[in-house]
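My request is simple: use the sequences and hints to build the entire structure.
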Amino acid sequence: MDALELKLCDIQGRLFELFAKTEYDAESLVKAFMNGEIAKNSVIEAINAGYRHIDTAFAYGNETAVGEGIRATGIARDEIFVTTKHWVTMRGYEKATEAIDISLKNLGLDYIDLYLIHWPCVEKVSPDWQEINAGTWKAFEDAYKSGKIRAIGVSNFQKKHYDALVERCEIKPMVNQIEFHPGYTQPETVAYSQENGMLVQAFSPLGCGAVLGDETLASIARKYNKTVAQICLSHSIAATAPVPTAKHGQDQEQDDDAPVATEHAAIVVSVSIGNSCDVSRSKIFHFKFLS
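Going by this note's numbering, the letters in the sequence shown line up with residues 1030 to 1320, in that order.
I should point out that these hints are in silico values taken from the structure, not numbers from a laboratory.
Each computed DSSO-like pair below joins lysine-lysine, with the alpha-carbon atoms no more than 30 angstroms apart:
hint : residue 1 : residue 2
1    : K1177     : K1124
2    : K1124     : K1167
3    : K1188     : K1174
4    : K1177     : K1134
5    : K1174     : K1201
6    : K1124     : K1201
7    : K1188     : K1124
8    : K1124     : K1174
9    : K1167     : K1188
10   : K1153     : K1124
11   : K1177     : K1189
12   : K1189     : K1124
13   : K1188     : K1153
14   : K1167     : K1177
15   : K1201     : K1153
16   : K1174     : K1189
17   : K1201     : K1134
18   : K1201     : K1189
19   : K1124     : K1134
20   : K1167     : K1134
21   : K1177     : K1188
22   : K1167     : K1153
23   : K1174     : K1134
24   : K1201     : K1177
25   : K1201     : K1188
26   : K1167     : K1201
27   : K1189     : K1153
28   : K1189     : K1167
Ranges between beta-carbon positions, derived for each pair:
hint : residue 1 : residue 2 : range
29   : Y1122     : K1189     : 19 to 29 angstroms
30   : K1124     : N1254     : 48 to 58 angstroms
31   : E1160     : E1224     : 20 to 30 angstroms
32   : N1225     : K1153     : 20 to 30 angstroms
33   : L1241     : Y1140     : 30 to 40 angstroms
34   : A1101     : Y1253     : 27 to 37 angstroms
35   : K1134     : D1107     : 18 to 28 angstroms
Idealized CB from N, CA, C, for every residue including glycine.
Written as structure tokens, this is what we have:
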């Protein structure tokens, strides 16, 4: 159904638009991955700095603080794009339906702009993983139809997860948010997602900070009189909509676009970092839910 697909409507301006009448500037977003007053103040600083997309999740434990930060700015609701994510302990139709209402209450919002399955259920977790994902997604579809959610998508989905889901769904996922940064670009997943009409969002485009000390990237940054962070975000923007994590205004203000010459693209991709965010995630989440 064309009306439910994502469209890249302005490549030069990096403006991504959902045919469901939801849009945001890919440069104006921030991921809130901290708690309490830190999260609230970070959201306030981000919005004051010009960010308009706030990305959070139930698992981060900061949805309430994010909502408080948004309201504290006094900015109109329709000027903010809010993404949050369903967590693995609330899988299946009934629990997912409840999870959506919990997130709405936590955020203090009447609707969520984009709601994602944070991680797919997989065979190692349950032999019924395909049906479990389908039941969760059915709750997403119903919430989308009712207006509680403006757009629905997935996170960390690979081809096998997507294929199994679309065989059982009515509305296809609109977004796939995956780890993407120099040294870990998941080209097959990116290509397959885009071929199937999903906008690819890059989480951790700075590799959870691991890329910042890389001398190869530093040399490219010096050539353009930019920071390594700006080079990485420019690289991510070329292929995805990046979701940087920043705690303070100074960090957020560095998330500007910077040109990366075509001849440097292969170098940026080949940086030896790997999926460096696994260590960071393991400190927070129990991997028995994720693999």
